[in-house]
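Sequence order for the protein chains is A and B. Following the working numbering, the numbering of the first sequence begins with 1224 at its first residue and continues without gaps. Following the working numbering, the numbering of the second sequence begins with 197 at its first residue and continues without gaps.
No lab work stands behind these hints: they were computed from the structure. Cβ atoms here follow ideal geometry from the backbone N, Cα and C, with glycine treated the same way. A portion of the hints provided could be inaccurate.
Computed footprint of chain A on chain B, listed as stretches where at least three residues anywhere in the stretch have a Cβ under 8 Å from a Cβ of chain A [said to hold, decoys possible]: (1) 201 to 212; (2) 236 to 247; (3) 258 to 267; (4) 275 to 289; (5) 292 to 299.
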Amino acid sequence: MMDLKNLTIKKFNKGLVKKEFSAFEITKAFFDLIKSRDKEIGAYLRLSENTALERAKIVDAELNSNSKLSILAGIPLAIKDNILIKGEITTAASKILENYKASYDATVIKKLKNNGAVFLGKTNMDEFAMGSSTENSAFQKTKNPADLERVPGGSSGGSAAAVAADMAVAALGSDTGGSIRQPANFCGIVGLKPTYGAVSRYGLIAMASSLDQIGPITKTVEDAAILFKEISGKDKFDATSVDIKYNDESPYINYVGDELLNPNFEKIKKLKIGLPKEYFIEGLNKETQKAVQETIENLKKSGFEFKEISLPRTKYALSCYYIIMPAEVSANVARFDGIRYGQMSNVKGQGLSLKDIYLKTRGEGFGEEVKRRIILGTFVLSSGYYDAYYSKAQKVRQMIKHDFEKAFQEVDVILTPVSPTPAFKIGEKTSDPLQMYLEDIFTIPVNLAGLPAVSIPTRTKGLPIGFQLIGKHFREADILGIGQWYERN
Amino acid sequence: MNEIINKQTLEKLAELARIEISENKPPHQTKLWCGGKEEKLLSDLKAILGHFDELKEVDVSDMKPMAGAVELINIFREDESIKSEAEAIDLIESFPEKEGRFLKVPPVFEE
């Protein structure tokens, strides 16, 4: 029997094909572990044991009939609860969707199903992915497996905690301003935010549509590459999705070859890495500073070339993001009206007017952070303030993107910290929203510019600390290539 | 810009966004935002909007507003219907209240 602790997608696949174990046995073992371990972690909102075991049996049967299996066949995955799986309750950790059963599969889920992946359950998150600690879930707190008094990060905190506590081989999360990378950073695992458009958002409960991306949360960079390759690609149900299998003349090298899964390390080692001075600031926690600096020194010793760069508009990213994101939020969550979705108990059978149904449903159904962002979004879009806030923020966003474009003329990849501090204590930042927002200052600019970025653990002892690699648009292969080189050396 | 939002603006915004904030409603109707919650929300919003003041110093005169993360131009497709992943029956199934195949809604036109 395989040790679940170090079980990666790669190892699972090898063991399965060599018949060292069956998919059924491993899936069963995961549920046994989850049932004891998740009592103290709280990563999962719901388990789907019967469906998962059935799917594992099918994979075992296919293996015995000698059909060729996908590398993801039988892989036990955890799925963030804002990604739809047909027939399963999907709440986005909000009371307003407590009883909502998904009517269809998200495109990423469909792709994973076609590859034979097994879904263990749905994971906890900040309500509608709004938060950086998973404390905004309407249902439960999730604890950081590295230190149970601390948050796992957020909003994909349940997915990150599940993987870090060996309660899943890998997971899916979503990232609007850092929600994959920051929890991966806090929990000591790998999280990839793909280029905007690389992965279909169809079936993701939308938060801010110009920023959201689904991505993998895994134990190794190699696994992140495997999972990313399988979920990416153009989807007719998401008009912003892009086919990244460009022809060879394109500036984007196509992924048809083995670039993602078998990087050419000689080429990878020639990539020039930029260090933006605006990310190595005084407010940076000392341990974080030290861990990231050591990683840079190690890469330098191995022959990577570094260059100091400047992203001068970095300091405006937080304000820019907290105007654009709530504006999109206020539009996206308008659909939760108590009529099409999310009827609350306080309106049922009371003969209320339509307006009162709206007011009460949304007043009771949404948590405080969601309300705060809806109000903020309504404000920045309201007449008289639109130009001063929303329109201005869209222009600043363009400037932030230009900063990156300019930097990428000098370097191929950018290395930064992921968050200003390691995981903080549960309850430490809940009373001051602005303090919580500042958690994401190093991850937000990436979403504004639509770039790919990965959080990878450094080798520091104590609380986990990661570093972030940011790539050019659709150059996941560069950042995952350096990451794969780093984890092998 | 800090004083741009006050209690009246907040209540107006909450009404526009169809979120009940309850202090001026009979207390038995809802538990939320009674007591100091509205005040807290207002002070949080003031702090957040105050933070945005830093954008005033940015000169954006040559900039075009950026609406999407990756610039896509003219994506065409044939004018043909695409079958949705979701079956109508499953969508109807998820309605909170229904009559037959119809979504049940409260009266829309009223005083």
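inquiry  = Are any of the numbered hints broken by this structure? If so, which, sorted upward?
reply    = Structure breaks no hint.
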